[in-house]
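Undergrad: Listed below are the residues making up each chain.
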Amino acid sequence: MYLTTAWALAWVRLSAQVIAEHRSDLNTLDREIGDGDHGENMDRGFGAVMGRLSDVSDDAVPSEVLKLVASTLISTVGGAAGPLYGTAYLKAAIAVTGVAELDAAATVSLLTAARDGIVLRGKAVTGDKTMIDAWNPAVDAAVARQAAGGTPLDILSAAADAADQGAIATEPLVARKGRASYLGERARGHRDPGAESTRLLLRAAVDVVAV
Amino acid sequence: MYLTTAWALAWVRLSAQVIAEHRSDLNTLDREIGDGDHGENMDRGFGAVMGRLSDVSDDAVPSEVLKLVASTLISTVGGAAGPLYGTAYLKAAIAVTGVAELDAAATVSLLTAARDGIVLRGKAVTGDKTMIDAWNPAVDAAVARQAAGGTPLDILSAAADAADQGAIATEPLVARKGRASYLGERARGHRDPGAESTRLLLRAAVDVVAV
Amino acid sequence: MKKLINDPSNVVAESVAGFALAHADLVRVSNDPLFIVRADAPVRGKVGIVSGGGSGHEPLHGGFVGPGMLDAAVPGPVFTSPTPDPILAATKAVDGGAGVLHIVKNYTGDVLNFETAADLALMEDIDVRSVITNDDVAVKDSLYTAGRRGVAGTVLVEKIAGAAAERLDDLATVARIAEKVNSFVRSMGVALTPCVVPHAGEPSFILAEDEIEIGIGIHGEPGRERITMEPADAIVDRLLGPILEDLPFDSGDEVLLFVNGMGGTPQIELYILFRRAAEVLAERGITVTRSLVGNYTTSLDMQGASISVLKLDAELTTLWDAPVQTSALRWGK
Amino acid sequence: MKKLINDPSNVVAESVAGFALAHADLVRVSNDPLFIVRADAPVRGKVGIVSGGGSGHEPLHGGFVGPGMLDAAVPGPVFTSPTPDPILAATKAVDGGAGVLHIVKNYTGDVLNFETAADLALMEDIDVRSVITNDDVAVKDSLYTAGRRGVAGTVLVEKIAGAAAERLDDLATVARIAEKVNSFVRSMGVALTPCVVPHAGEPSFILAEDEIEIGIGIHGEPGRERITMEPADAIVDRLLGPILEDLPFDSGDEVLLFVNGMGGTPQIELYILFRRAAEVLAERGITVTRSLVGNYTTSLDMQGASISVLKLDAELTTLWDAPVQTSALRWGK
Ligand SMILES: Nc1ncnc2c1ncn2[C@@H]1O[C@H](COP(=O)(O)OP(=O)(O)O)[C@@H](O)[C@H]1O
Ligand SMILES: Nc1ncnc2c1ncn2[C@@H]1O[C@H](COP(=O)(O)OP(=O)(O)O)[C@@H](O)[C@H]1O
Ligand SMILES: [Mg+2]
Ligand SMILES: [Mg+2]
Ligand SMILES: [Mg+2]
Ligand SMILES: [Mg+2]
Numbered sequence: 000m001y002l003t004t005a006w007a008l009a010w011v012r013l014s015a016q017v018i019a020e021h022r023s024d025l026n027t028l029d030r031e032i033g034d035g036d037h038g039e040n041m042d043r044g045f046g047a048v049m050g051r052l053s054d055v056s057d058d059a060v061p062s063e064v065l066k067l068v069a070s071t072l073i074s075t076v077g078g079a080a081g082p083l084y085g086t087a088y089l090k091a092a093i094a095v096t097g098v099a100e101l102d103a104a105a106t107v108s109l110l111t112a113a114r115d116g117i118v119l120r121g122k123a124v125t126g127d128k129t130m131i132d133a134w135n136p137a138v139d140a141a142v143a144r145q146a147a148g149g150t151p152l153d154i155l156s157a158a159a160d161a162a163d164q165g166a167i168a169t170e171p172l173v174a175r176k177g178r179a180s181y182l183g184e185r186a187r188g189h190r191d192p193g194a195e196s197t198r199l200l201l202r203a204a205v206d207v208v209a210v
Numbered sequence: 000m001y002l003t004t005a006w007a008l009a010w011v012r013l014s015a016q017v018i019a020e021h022r023s024d025l026n027t028l029d030r031e032i033g034d035g036d037h038g039e040n041m042d043r044g045f046g047a048v049m050g051r052l053s054d055v056s057d058d059a060v061p062s063e064v065l066k067l068v069a070s071t072l073i074s075t076v077g078g079a080a081g082p083l084y085g086t087a088y089l090k091a092a093i094a095v096t097g098v099a100e101l102d103a104a105a106t107v108s109l110l111t112a113a114r115d116g117i118v119l120r121g122k123a124v125t126g127d128k129t130m131i132d133a134w135n136p137a138v139d140a141a142v143a144r145q146a147a148g149g150t151p152l153d154i155l156s157a158a159a160d161a162a163d164q165g166a167i168a169t170e171p172l173v174a175r176k177g178r179a180s181y182l183g184e185r186a187r188g189h190r191d192p193g194a195e196s197t198r199l200l201l202r203a204a205v206d207v208v209a210v
Numbered sequence: 000m001k002k003l004i005n006d007p008s009n010v011v012a013e014s015v016a017g018f019a020l021a022h023a024d025l026v027r028v029s030n031d032p033l034f035i036v037r038a039d040a041p042v043r044g045k046v047g048i049v050s051g052g053g054s055g056h057e058p059l060h061g062g063f064v065g066p067g068m069l070d071a072a073v074p075g076p077v078f079t080s081p082t083p084d085p086i087l088a089a090t091k092a093v094d095g096g097a098g099v100l101h102i103v104k105n106y107t108g109d110v111l112n113f114e115t116a117a118d119l120a121l122m123e124d125i126d127v128r129s130v131i132t133n134d135d136v137a138v139k140d141s142l143y144t145a146g147r148r149g150v151a152g153t154v155l156v157e158k159i160a161g162a163a164a165e166r167l168d169d170l171a172t173v174a175r176i177a178e179k180v181n182s183f184v185r186s187m188g189v190a191l192t193p194c195v196v197p198h199a200g201e202p203s204f205i206l207a208e209d210e211i212e213i214g215i216g217i218h219g220e221p222g223r224e225r226i227t228m229e230p231a232d233a234i235v236d237r238l239l240g241p242i243l244e245d246l247p248f249d250s251g252d253e254v255l256l257f258v259n260g261m262g263g264t265p266q267i268e269l270y271i272l273f274r275r276a277a278e279v280l281a282e283r284g285i286t287v288t289r290s291l292v293g294n295y296t297t298s299l300d301m302q303g304a305s306i307s308v309l310k311l312d313a314e315l316t317t318l319w320d321a322p323v324q325t326s327a328l329r330w331g332k
Numbered sequence: 000m001k002k003l004i005n006d007p008s009n010v011v012a013e014s015v016a017g018f019a020l021a022h023a024d025l026v027r028v029s030n031d032p033l034f035i036v037r038a039d040a041p042v043r044g045k046v047g048i049v050s051g052g053g054s055g056h057e058p059l060h061g062g063f064v065g066p067g068m069l070d071a072a073v074p075g076p077v078f079t080s081p082t083p084d085p086i087l088a089a090t091k092a093v094d095g096g097a098g099v100l101h102i103v104k105n106y107t108g109d110v111l112n113f114e115t116a117a118d119l120a121l122m123e124d125i126d127v128r129s130v131i132t133n134d135d136v137a138v139k140d141s142l143y144t145a146g147r148r149g150v151a152g153t154v155l156v157e158k159i160a161g162a163a164a165e166r167l168d169d170l171a172t173v174a175r176i177a178e179k180v181n182s183f184v185r186s187m188g189v190a191l192t193p194c195v196v197p198h199a200g201e202p203s204f205i206l207a208e209d210e211i212e213i214g215i216g217i218h219g220e221p222g223r224e225r226i227t228m229e230p231a232d233a234i235v236d237r238l239l240g241p242i243l244e245d246l247p248f249d250s251g252d253e254v255l256l257f258v259n260g261m262g263g264t265p266q267i268e269l270y271i272l273f274r275r276a277a278e279v280l281a282e283r284g285i286t287v288t289r290s291l292v293g294n295y296t297t298s299l300d301m302q303g304a305s306i307s308v309l310k311l312d313a314e315l316t317t318l319w320d321a322p323v324q325t326s327a328l329r330w331g332k
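These protein sequence lines are chains A, B, C and D, in that order.
For what it's worth, numbering that gives the first Met the number 0 labels the leading residue of the first sequence as 0, then goes sequentially.
For what it's worth, numbering that gives the first Met the number 0 labels the leading residue of the second sequence as 0, then goes sequentially.
For what it's worth, numbering that gives the first Met the number 0 labels the leading residue of the third sequence as 0, then goes sequentially.
For what it's worth, numbering that gives the first Met the number 0 labels the leading residue of the fourth sequence as 0, then goes sequentially.
Because the hints were derived from the structure by calculation, they are not lab data.
Quick caveat: nothing in here was measured; it's all calculated off a predicted structure.
Note that beta-carbon positions come from the ideal geometry of N, C-alpha and C, so glycine has one too.
Some hints could be false.
Now the stretches of chain D that chain A is said to cover, found in silico as 3 or more residues with beta-carbon under 8 Å [what the hints assert, rightly or not]:
# : segment
1 : 193-202
2 : 309-322
Not everything, but these chain C residues come out facing chain B in the computed CB check (under 8 Å) [stated by the list, open to error]:
# : residue
3 : S29
4 : F78
5 : P83
6 : T107
7 : T115
8 : P247
Input sequences plus hints: build the corresponding full structure.
TA: Set out below in structure tokens:
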């Protein structure tokens, strides 16, 4: 089993849908420890992606879909999340450039490159209470699952499960990056919105295959 | 029985006290159909009058007390009520200049001159929903009581009773002068604050004699 | 009520003291009686211009003291006209021998107190003329009201009369020009929230979460009607309607469009109003050749805005463009 | 939530459209991508200065576009940094051959998006330098935060760097001066009420009737501590303390004192703060030689204020005094 362009397109579509559904939840999380626009920003971005999806040619490879997502998010999301997610999709696209069917190794490369892109721009480490707290365990789980002989779907599934845990794990933390860092102790008890959107996006990557 | 300087001083003192006690009521009336400061304005004025009352010499006549009130109100109250009441006390002072003991005729002159001063400046007529709605019936009642042979106290008493009625009678009216005139129909159902303060001041003129 | 104040009864004194410190290059302040004059007053041979009224409308009037606009401003207590004493003192302080113009917003208290001050000044041989501003079309100007209120259009009267005085027009001319501006300008406002007067500590009126007051005055006096909240464009249409009807603004006219904030409304909203107002005027063939947007005649912390339209001719346009150096309006030279 | 807006998603576009109509003498607007440039951009041989960030802080930054200050402003959605595209387009539009300075408030989003735009501009052979403003002493500048936020002091950086560019200083010099202003200015703010973002329709945080937030950010981000309401003078002391501690402001220093309104606080209150701040500085032997009071870096309709103190030297004073012609700041020439 490989991840194809059909998968990439389905992933993007489900991502847009899930983000739209959680727009107001993400805003609420961000209102608690940020400026209340994370859902708004992500929804604007994925809405724009949907509008441009028809630009992807019929014989496109997955990396072309990821590149479209990258450039669209960079040019429409703004805020912190725009450049961070934009870079993630861009680096992911570069990691699997030209490959039509992503095997287990390619799947792990894709996830790793995405995470590395975010770290490159945002310089966050685990425990800073950012989206990286979802990405790091997700990538670790993906690597482990591949080593254990998992399929791409197994890998995505392990990553999504780990991201769920990672997002939850941000709740008790004090933030050291992003707007929540201004809050000091008052950030405790709130989930990081970017970790939550990461969790939703990685879950969507699995759900489109499972369905 | 005559109205003396002792009466004038007592009237002013009780006026200051009554206005202070009703400061917030007058503000409330004014908030409903004006700008909410009538109690504030009057209290500032009579507070200042109290501070200057010791300037009145021992052998002063009533007109000197009235003149002090006039100039103090003019220079401390501001708003519409300052010049109107200021002119009222000034014209009243002029009407009884130099007279040490005010008889019935002088009492009526005092009240009439006060009312005329307000009309001179404010040009209101009965029914405009202003302090004139208390003053006009008060002066009419004073004139009638004098014609019927009343004492100065009788005259003040009649004036105060009529002013009470006059103030109440402003309630159903639409205003044609002052800030309340901007309200149109919405002024109905609220008592005019200036008519209320007039009522309180005229009642104080009686109460200091009666007590 | 939360406000950045100390003792409510010191609000005006402390604020004017801060104003004097911040703008010592432009103004001097007399504390007793309280008034603000331009630093170089009196200017010999120039008509002095004095305005004033209750406080709470800042920058009106103190923010407009300086070369090219007012010579003095007399701030009363919050929303209460000053008494004649400080008005008289300010009048004397700015008399440069060419007479003094009083610009007075049409409220009973302001009119009466300025009237007394003018009488007293005349007794001291100062030539005083008064112009009463009454640009608010929300109030019917009839025998059955105290007449139209003076609202944000007053700023335009002060600027243009100030420019005339600065070029040394004589008192009659400055008064004529001030009258002309007043007769050429119409305004109307809307409130989304009431304002809270410091010593009252309570809102001046109550508006429900979905209610707005059309035709609001600048002291929180109620307006023409209370309606359910509408989009900004619809509100602009409601305000512009009576303005344009009242003065025959004709196709081909040039106007100054002034969107004034009431104090609590952010600039981002004021420009949304400006956009629609300019659009409506354009549809009627009226050209906006000058504009002013900002908090210039406020009602403490009230959320809301007013729109003023001033018909321009060559004389008014030239005087509007003339240099002005005040803390709130400043351009040229 | 009542606001003078139409569709919440059109707030920025409509407001900028109104801004362009009101100030056509000063600016031009590009709609897609959205940015504001001075009418005569690009100015040959002059360093172009571009700033920008989320909307809702007006007049920052559009109100500061014009001769002597910014060449372009890039407004993002409300409280959301613009994306690289309009920043790049604005950068190109103001490049007069002498390079472009980006003035960026220190927020992760702004920094990242301007960074990308600068990279793209460099690829098109435009010499871009960036200065990150971070004057807010409420946030500890440490490894454990995203660093200090850029707040109202940014206005002073823009004015002074703008003056340097206007006199044709080269890019390195303009950048050095901007850095210097940033390093010489410290700010801290207080909120009495939260602000309401149009698309959210709900307050960004909740303050009880007697609570205030000391050290508030300009997006309604919570500050250092939430305390019970205090008199204005006590609040000023709380804000000035950390400001004066942070930068060694010494007896004998000359400073610019800037009291900035958050949008919903009336001017009468801002001057009360100014009075006390000037008093405290005087007690420390610090002389206020320049001042600025008003709504210059706002948080929509938030009630509150911030105080900024900028240490002046001859270079900064001269550049502060230099002429500026923008819709929000205007003097000289
Ligand atoms: N330096 C960083 N590294 C990684 N993620 C970050 C960083 N800074 C912020 N974030 C993420 O961005 C999210 C906020 O995104 P968003 O609300 O869209 O942008 P903004 O903070 O500009 O309003 C945070 O919840 C956090 O997960
Ligand atoms: N033209 C007038 N003639 C008589 N009384 C008037 C007139 N205008 C206003 N008033 C009185 O003044 C009162 C308001 O006084 P006050 O609130 O102190 O002044 P302001 O209206 O300036 O705030 C009104 O209630 C009314 O009785
Ligand atoms: Mg956010
Ligand atoms: Mg009143
Ligand atoms: Mg009043
Ligand atoms: Mg944001």
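Undergrad: A separate judgement is required for each hint: does it hold in the structure or not?
TA: Cross-check of the supplied hints:
1. 193-202: holds (count 4)
2. 309-322: Three-residue rule not met by the segment 309-322 of chain D, so violated; n is 0.
3. S29: Hint on S29 (chain C): violated, closest Cβ of chain B at ~15 Å, above 8 Å.
4. F78: Holds. Min distance 5 Å.
5. P83: Holds, because the Cβ-Cβ distance from P83 (chain C) to chain B comes to roughly 6 Å (cut-off 8 Å).
6. T107: Since the shortest Cβ distance to chain B is 4 Å, the answer is holds.
7. T115: Holds. Min distance 6 Å.
8. P247: Violated - the Cβ of P247 (chain C) stays beyond 8 Å from chain B, reaching only about 25 Å at its closest.
Of the numbered hints stated above, those contradicted by the structure are hints 2, 3 and 8, listed in ascending order.
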